[in-house]
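Model the full assembly from the supplied sequences, consistent with the hints where possible.
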Amino acid sequence: GPKVLQIPSHQIIDMGQMVTLNCDPVSNHLYFYWYKQILGQQMEFLVNFYNGKVMEKSKLFKDQFSVERPDGSYFTLKIQPTALEDSAVYFCASSLSGQYAEQFFGPGTRLTVL
Amino acid sequence: GDSVTQMQGQVTLSEDDFLFINCTYSTTWYPTLFWYVQYPGEGPQLLLKVTTANNKGISRGFEATYDKGTTSFHLQKASVQESDSAVYYCVLGESYAQGLTFGLGTRVSVFP
Numbered sequence: 001g002p003k004v005l006q007i008p009s010h011q012i013i014d015m016g017q018m019v020t021l022n023c024d025p026v027s028n029h030l031y032f033y034w035y036k037q038i039l040g041q042q043m044e045f046l047v048n049f050y051n052g053k054v055m056e057k058s059k060l061f062k063d064q065f066s067v068e069r070p071d072g073s074y075f076t077l078k079i080q081p082t083a084l085e086d087s088a089v090y091f092c093a094s095s096l097s098g099q100y101a102e103q104f105f106g107p108g109t110r111l112t113v114l
Numbered sequence: 001g002d003s004v005t006q007m008q009g010q011v012t013l014s015e016d017d018f019l020f021i022n023c024t025y026s027t028t029w030y031p032t033l034f035w036y037v038q039y040p041g042e043g044p045q046l047l048l049k050v051t052t053a054n055n056k057g058i059s060r061g062f063e064a065t066y067d068k069g070t071t072s073f074h075l076q077k078a079s080v081q082e083s084d085s086a087v088y089y090c091v092l093g094e095s096y097a098q099g100l101t102f103g104l105g106t107r108v109s110v111f112p
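Going line by line, the protein sequences match chains X and E.
Under my numbering, read the first sequence as residues 1 to 114, first letter to last.
Under my numbering, read the second sequence as residues 1 to 112, first letter to last.
Just so you know, these hints were derived from the structure itself, not from any lab.
Keep in mind that a hint or two might mislead.
Dumping the calculated DMTMM-like pairs for lysine to aspartate or glutamate here, alpha-carbon to alpha-carbon at most 25 angstroms [what the hints assert, rightly or not]:
id : chain 1 : residue 1 : chain 2 : residue 2
1  : E       : 49        : E       : 84
2  : X       : 62        : E       : 2
3  : X       : 78        : E       : 17
4  : X       : 59        : X       : 86
5  : E       : 68        : E       : 2
6  : E       : 49        : X       : 56
7  : X       : 62        : E       : 94
8  : X       : 59        : E       : 2
9  : X       : 57        : E       : 94
10 : E       : 77        : E       : 63
11 : X       : 53        : X       : 14
12 : X       : 3         : E       : 84
13 : X       : 57        : E       : 2
14 : E       : 56        : X       : 102
15 : E       : 49        : E       : 67
16 : E       : 77        : X       : 102
17 : X       : 3         : E       : 42
18 : E       : 56        : E       : 16
19 : E       : 68        : E       : 16
20 : E       : 68        : X       : 102
21 : X       : 59        : E       : 82
22 : E       : 77        : E       : 17
23 : X       : 78        : X       : 63
24 : E       : 49        : X       : 102
25 : X       : 62        : X       : 44
26 : E       : 68        : X       : 44
27 : E       : 49        : X       : 44
28 : X       : 53        : E       : 94
As structure tokens, then:
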């Protein structure tokens, strides 16, 4: 089936540094999402992105977070600066349409902030 | 706010056993409900989807029934196989939002 890729699979950085997580969504999909899962906790929605804009974001999507997808390339999540509580697995997802559509998830990027 | 509760963190079964995972949800709107399954090293993938219109979904031998009265959405399978070992998430989708609300997940381990 359709695949979403995420690069890198693991990232370790020092607190205060910037990090960019990359997502290669399914090629014809139009809606893009990031979710965050802290070990042992529920996966939580961060943000969704459509037509070059953030459509919806949760309270977890702090001011230090930003997303973009320049010219149809990777869909990225940037955190600047990072904090210890940003350590988690971040999942990217994409869907062909919006509401209620099947979301296809990548395998996740495990981010460790020291 | 919206929430999903899966009380069973772990279920251990033998092949051909019956699987039942309990899920309850809380929302003020009319949700669509999903079960996603996650295999080791992969992201979650859709197993089945149920809307208020049809109340039941069936896929790959799994069945889920949606009960508005008790706000429950249980997943069951009559006879599990070792390949069904995975984490199963009960997930809520709302009409006013595109982000999904996930339950904590139930880790199902099936032994031959």
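We went through each hint and held it up to the structure:
1. E:49 x E:84: holds, 18 angstroms
2. X:62 x E:2: With a Cα-Cα distance of about 20 angstroms, the restraint between residue 62 (chain X) and residue 2 (chain E) holds, given a limit of 25 angstroms.
3. X:78 x E:17: violated, 45 angstroms
4. X:59 x X:86: Given that 25 angstroms is the threshold and the Cα spacing comes to 14 angstroms, the pair holds.
5. E:68 x E:2: Distance ~15 angstroms between residue 68 (chain E) and residue 2 (chain E) Cα, so the pair holds.
6. E:49 x X:56: Answer holds: residue 49 (chain E) to residue 56 (chain X) is near 22 angstroms, not above 25 angstroms.
7. X:62 x E:94: holds, 23 angstroms
8. X:59 x E:2: Cα-Cα ~14 angstroms, so holds.
9. X:57 x E:94: Given that 25 angstroms is the threshold and the Cα spacing comes to 14 angstroms, the pair holds.
10. E:77 x E:63: Distance of about 6 angstroms is within 25 angstroms: holds.
11. X:53 x X:14: Distance of about 30 angstroms is beyond 25 angstroms: violated.
12. X:3 x E:84: Holds: residue 3 (chain X) and residue 84 (chain E) sit about 21 angstroms apart, inside 25 angstroms.
13. X:57 x E:2: It holds: about 15 angstroms lies between the C-alpha atoms, which stays within 25 angstroms.
14. E:56 x X:102: Holds. Residue 56 (chain E) to residue 102 (chain X) sits at ~17 angstroms (cutoff 25 angstroms).
15. E:49 x E:67: Distance ~14 angstroms between residue 49 (chain E) and residue 67 (chain E) Cα, so the pair holds.
16. E:77 x X:102: Holds, at roughly 22 angstroms.
17. X:3 x E:42: holds, 10 angstroms
18. E:56 x E:16: OK: residue 56 (chain E) and residue 16 (chain E) at ~23 angstroms, within 25 angstroms.
19. E:68 x E:16: Given that 25 angstroms is the threshold and the Cα spacing comes to 30 angstroms, the pair is violated.
20. E:68 x X:102: The hint holds at about 22 angstroms.
21. X:59 x E:82: violated, 39 angstroms
22. E:77 x E:17: holds, 9 angstroms
23. X:78 x X:63: This hinted pair holds, its Cα atoms lying about 11 angstroms apart.
24. E:49 x X:102: Answer holds: residue 49 (chain E) to residue 102 (chain X) is near 9 angstroms, not above 25 angstroms.
25. X:62 x X:44: OK: residue 62 (chain X) and residue 44 (chain X) at ~13 angstroms, within 25 angstroms.
26. E:68 x X:44: Distance of about 24 angstroms is within 25 angstroms: holds.
27. E:49 x X:44: Since the Cα atoms of residue 49 (chain E) and residue 44 (chain X) sit roughly 19 angstroms apart, the hinted pair holds (cutoff 25 angstroms).
28. X:53 x E:94: At roughly 20 angstroms apart (the allowed maximum being 25 angstroms), residue 94 (chain E) and residue 53 (chain X) satisfy the hint.
Violated hints, listed in ascending order, are 3, 11, 19, 21; each of the other numbered hints is respected by the structure.
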